[in-house]
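Peer 1: As a plain string of letters, each chain reads:
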Amino acid sequence: MRSIAAAISTAVMLALPLAAMAAEPCLPCHKEKTPAAVEQWLGSAHARANVGCEKCHGTDHEKMLKGEAKVDMKVCGPCHQKAYREHTASRHGMGLHSGWGCTRNLPNRKPGECRFCHQKGDEVPTSDVQCARFLKQSPEMGEIGCNYCHSVEDACDSCHSKHMTDLKIVRDPNSCAKCHMGPDHPQWEMWQTSLHGTLNASAGKKVGPDCQTCHMPKGTHDVSIGMTMSSGGVPYPAKKAEPARAEMVRICGSCHAPGFAKRELDRGDQVRSQSLAIVKEAEKIIWDLNDRGMLDPMPADRPPHPLSGPRLVTDNQMLYEDTSHIERLFFKMKKYDYARTVKGAYHQSPAYAHWYGNAELKMDLVDIKSEASRLKERKRGAAVASPEDAEDQLKTLKNKFERGAISAEEYAKGKAEVLEKLKH
Amino acid sequence: MRSIAAAISTAVMLALPLAAMAAEPCLPCHKEKTPAAVEQWLGSAHARANVGCEKCHGTDHEKMLKGEAKVDMKVCGPCHQKAYREHTASRHGMGLHSGWGCTRNLPNRKPGECRFCHQKGDEVPTSDVQCARFLKQSPEMGEIGCNYCHSVEDACDSCHSKHMTDLKIVRDPNSCAKCHMGPDHPQWEMWQTSLHGTLNASAGKKVGPDCQTCHMPKGTHDVSIGMTMSSGGVPYPAKKAEPARAEMVRICGSCHAPGFAKRELDRGDQVRSQSLAIVKEAEKIIWDLNDRGMLDPMPADRPPHPLSGPRLVTDNQMLYEDTSHIERLFFKMKKYDYARTVKGAYHQSPAYAHWYGNAELKMDLVDIKSEASRLKERKRGAAVASPEDAEDQLKTLKNKFERGAISAEEYAKGKAEVLEKLKH
Amino acid sequence: MRSIAAAISTAVMLALPLAAMAAEPCLPCHKEKTPAAVEQWLGSAHARANVGCEKCHGTDHEKMLKGEAKVDMKVCGPCHQKAYREHTASRHGMGLHSGWGCTRNLPNRKPGECRFCHQKGDEVPTSDVQCARFLKQSPEMGEIGCNYCHSVEDACDSCHSKHMTDLKIVRDPNSCAKCHMGPDHPQWEMWQTSLHGTLNASAGKKVGPDCQTCHMPKGTHDVSIGMTMSSGGVPYPAKKAEPARAEMVRICGSCHAPGFAKRELDRGDQVRSQSLAIVKEAEKIIWDLNDRGMLDPMPADRPPHPLSGPRLVTDNQMLYEDTSHIERLFFKMKKYDYARTVKGAYHQSPAYAHWYGNAELKMDLVDIKSEASRLKERKRGAAVASPEDAEDQLKTLKNKFERGAISAEEYAKGKAEVLEKLKH
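Residue numbers (our numbering), protein chains in the order written: chain A, 1 to 424; chain B, 1 to 424; chain C, 1 to 424.
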């Protein structure tokens, strides 16, 4: 048996380029076990530079078989220093902070997940990026649903593929499409149907720029240049936003007149603040219902929020499960439709800015108001005989005061006004 | 300083083709300021024909810098007369009439917008196309959300791009995709996944026809040939529809047997009238609720419609904001799902005709009926002790009479019947 | 006249390859009437092999003109025996069983439709595949909305096109996209944006596998190899599932390490069972409302189900029309969102597994619970003065017993408990 294997091994070796010697111990088996990996590596710059299997994968075969020997960016960093530096400084480098935290309060967490946010033994997170804890996921959904994209933080192969080094893969917008699509941030879809994307399809990249043209100019790995808001859509303060905007106008300037570019982007800012106002109006309605005990079910009557317990949560840590219908409508409004409107406007996509974005945003508000009307009526129905309005108002004031939305003076003044009205 | 600039100018000139002399005064600066425009123009048929910057852009540099020196189709028309004539006669030439009117009643209208519908000093619109006034937009959303597409009426560069003249751009269905996609008219998506589109992708345009093959045969700019309904989906009268259908069958005939083509298109007509019946059923439910004062909120209790004031509007001027939940459901049904069903059927797209269209249409009706049931109950709940049915019926009859839905005689007869029943 | 026609015929003949002699009687006319068909056939392997028009179309010109002379797979089978055998054994070969049955109880059924499920004169269907009877369609929608896809059962031209034989058409994933897209099974969309699909777009089929690579390895027409659940998403028993899984791991193995492939697919199984649990929770809520007479409207108060009459149906025969709002929500949950989650997980698509799938599934549950809460309250509101809880519980027990959900003993025990409580 061994002599046959040895013969095959020799034969395989003879058929391989010299560079393959770097991988000599692994190839005989892996030609059989993982043929695509071997073939792709053989055609790669790594093979040509004599960078073999062990250099990246190490030697712990046991771990590899269990799928635990991840080749993360700490493995790639020492050779690819500039890319490593730019990537870790960018929003991509913080990807997992915003996606991983989700499972932290659930029972089946794997040891080692903590390190994405915490230094060993340190309770304070290393990043101030707000975690997307609305993702209360099973480990399996966490893997496919979260980490398939959020692996970008610490794994170069999220974009570069595992064994090929051909840059045409990462220079193709399809490389970005894997993650930047779908209900919450359909940048791929909006680019595809924008003037930029359609010209790209009909006349090529030089005429119709793609993701990389504007977001990775000159091949930088800092994909966050020119951003004037957080990934959650919160505008940056002027001090941070202004130089970023100037940078983006400079990028647009390689094709467009700066005045034109600035007007287009400033219009995006206007759409953003108009849209945020609609979201805030809806959020206020929901908090008011909460203050008046009218949500169905109330936060205290459902499984507690992993971080905030039996309290209403409408910020980025909002859950999309164990919640009420009106909060679910708000989740769609804020997470999907606000993002579509704003990103659609900045990406010059009429259908996303308007139909998929702004129109949905306004219809969400209609639905939220209608549901609020129903919830108020329901509560009134349950207390027909009581002087409900006054009681309701006093309770609302108390709740607002207790959560710090109004001051002690405003509370006192409000109470006095309600009681005064009752006398008449 | 001036001598350096002059030297650069000369150097630039020497590097350019002779044709560029036509643009001589602009190029030295614009090579720097708008490099893509200059490069594209240099490669264009315009440059070859000695058509320079001023010919299209004029000489008012001040206006250009403010983005107000639009190169609209009146600039292109004198040279491209056939295209101009065909375009203005087509539905594309009426694009803005159906998209621009939306802002007419809002405060921040720009002077000059009126001319899209009105001759100077004339209150009667020049077109009888019904305006899509449901778009009560901010100026910024009006620009990106409406005019990015509806600019097609008076700007050739909507499709042709600004400085290139390569026809491969406009002969690519991507050129149409920019606008003809999204929730309200996803022709691009339904073509892509139809047999026509999938054959186009796998075997090329000759085997799988694209938008231009059927809607712009022989390069005509009249994109409306063969249409048998308005852009809002209202069937044309037979006198107008029949020759249009014959025309479309002739177009199909360059690949298909006429009998087959006719059967396919006639089936689309059937689907259209079946779908319209579902929409009408829903519309009737909403008007009935309105007549009985059961919408929540009623039109009188919300911001007035820009054109119709405190009255219910369910035609093409229907708004998608400041409305009620049930009207919002109807907006989706009529504007999105009816369009998907009908256009899906005419474009031979099973998923759009059925799943995205017909199935949604029927589920909309379920939701509208359920919401109507809730609204009726709510009203009854509020008036437990009164002989509500009779009162309700009398009020409904009165409202119907007042809005002209029933005649004076029908009103009198209806009243008599209700009162008769009350006696027993 | 005849001599002119004869002259044309001769001229046409001279311009054609020798093979065209096989079609000699048809070509002179059909060069005019169906030019694309003639041209495609002339370039086909059929023409080269002297397989002419009559061989497939027969000679009944009358039937052809009416569109009734379908060239189904019984025509192709005798020459293409291997493909025929593999296809009929596969899920594709049972396509119509799951799509055609829908119209069986409706008045305008065409004679001949029965044969898709029944042998002549035999009431027992030849297939145990459950029909998708939720499709209560008009004949026109049945044609475009159902049969454009479900024709796959008995028509090779569903994928192969009508007159071309170039295999590049069927080897292109676009060929699959025609049907495998849309709300209920967007495999095309999830593949396009998966790592497999994006690598296919940027680096070609060898690096990024397409539909055919994994589902039709070595060109088999049995597209169901490796499937571990029914097309409705019901897991197969281990005896059937295990060898299928082993087969799929073997297919993955042509690129991936088997251990990796197995882990990925097993994770899909986990996601499937987690998702099924969410669906079951919702289904239970709806049956409970039905048992308590709280659906609005109740099955007895709406047009009867074509098969089950005035009874609640939530299995694969569920309708999406003539139903209640909460059932409509459940239809979306089960038919769309469950399928997206599960198929998204097996196709390694993060956005479909999570955002379009799992997140929607959980939000559906929120909406269903909220609607259930409203329906319960509504019922209580209608019966304020009665000892409603006990009555409600007794009725529920009775209904459960009558539909066989509890045994006679459980019923007796339940009743005793309720009555016992009433005493206190």
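Calculated from the structure, these hints are not laboratory results. The reader is advised that the hints may include incorrect statements.
[To be verified] No more than 25 Å apart at the CA atoms, straight line, and that leaves these computed lysine to any residue pairs for SDA-like:
id, chain 1, residue 1, chain 2, residue 2
1, B, 33, A, 372
2, B, 31, A, 249
3, A, 280, A, 372
4, A, 205, B, 395
5, C, 74, C, 43
6, A, 239, A, 216
Peer 1: Could you tell me which of the numbered hints above are not met by this structure, giving the numbers in increasing order?
Peer 2: 1, 4
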